[in-house]
Amino acid sequence: MNKHAKSVLPEGAKARQVYLSLRDQISDGRFQDGQTLPGEQKLSEVFGVSRVTVRRALDALAASGLIIRRAGSGTTVSTAGQLDKPVAMNLATLMPQLVEMGQSTTARLLSFSYDAAPDFVASALGLPSDEQVQIATRVRSTNQTPFSHLTTYVPAEIARNYSENDLATTPLFKLLERGGVQIKDAHQSVSATLAGPEVADALDVAVGSALLSLRRVVKDVDGNGVEYLAGLYRPDMFRLEMPLTRVGDGNARHWEPAIGKTHEEGA
1 MNKHAKSVLP
11 EGAKARQVYL
21 SLRDQISDGR
31 FQDGQTLPGE
41 QKLSEVFGVS
51 RVTVRRALDA
61 LAASGLIIRR
71 AGSGTTVSTA
81 GQLDKPVAMN
91 LATLMPQLVE
101 MGQSTTARLL
111 SFSYDAAPDF
121 VASALGLPSD
131 EQVQIATRVR
141 STNQTPFSHL
151 TTYVPAEIAR
161 NYSENDLATT
171 PLFKLLERGG
181 VQIKDAHQSV
191 SATLAGPEVA
201 DALDVAVGSA
211 LLSLRRVVKD
221 VDGNGVEYLA
231 GLYRPDMFRL
241 EMPLTRVGDG
251 NARHWEPAIG
261 KTHEEGA
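Residue numbers for the sequence shown follow full-length UniProt numbering, beginning at 1 and rising by one.
No lab work stands behind these hints: they were computed from the structure. Do not rely on the hints blindly, as some may be mistaken.
Calculated pairs, PhoX-like style, for lysine-lysine (alpha carbon to alpha carbon, straight line, at most 25 angstroms) [to be verified]:
| no. | residue 1 | residue 2 |
| --- | --- | --- |
| 1 | K42 | K14 |
| 2 | K174 | K184 |
| 3 | K184 | K219 |
| 4 | K219 | K174 |
When you get a sec, could you build the whole thing from the sequences and use the hints?
Written out as structure tokens, the structure reads:
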């Protein structure tokens, strides 16, 4: 069986919900390798759907290589070699991790060009509407499994300091710093979206699969926008983490991000 089988979403919204729920439970270890899943009747009761719907979800899990279905012996989880450990990014230590991630994963350059900045990019970076930017799209992988589809927009006057080949082999943050850019901060937002045909093919998932959508605007020490990132991530291969700490007194006590600390440091 293909070690990195493509996710195959079943037909029907309810079947997809059952499929995604069971896949997540397998991914996070609630159903472990070799464990027998509840029967179709039990699952139909748990999810409040018909057995036909459950069967579609199970068929999709089997096609994805996550379970084995045998007549008369039930359905067992089979994750050996199928689920890769998700790439984790700690939002509290974002900048160092971006560089580390670029060094510990591999990238494949899909496209590279110069064009006028789209309106949303020009607005985010504070550029004139007709300003030229470098537009590059890459797929980043870990253990030969794609987990992110990244499109970056960099002002042309900055991007001219490195080549297309450089971008295919070196993390963008390294290239920006090598060109003299002094990065200070970034603003990042995360939402959910669905995979279109082109992105689905690049990330080796089914069209319509749920993805994490990340938008990041990076600025230098003078407050100038130097990069706009539009990233799409497989949720089974990537997660965002944020350590929190309790602050304040009495009724005003609340959670705040523990900036600069990691989970291992006990934040």
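For this session: Quickly compare the C-alpha distance for K184 and K219 to 25 angstroms and report which way the hint goes.
Result: Measuring from Cα to Cα gives roughly 6 angstroms; hence the hint holds.
Problem set entry | Restraint status (C-alpha distance of K174 to K184 at most 25 angstroms) | holds (14 angstroms)
For this session: Could you grab the alpha-carbon distance between K219 and K174 and see if it respects the 25 angstroms cut-off?
Result: holds (15 angstroms)
Problem set entry | Proposed proximity, K14 with K42 (alpha carbon, max 25 angstroms) | holds (16 angstroms)
Checked against the numbered hints above, the structure breaks none of them.
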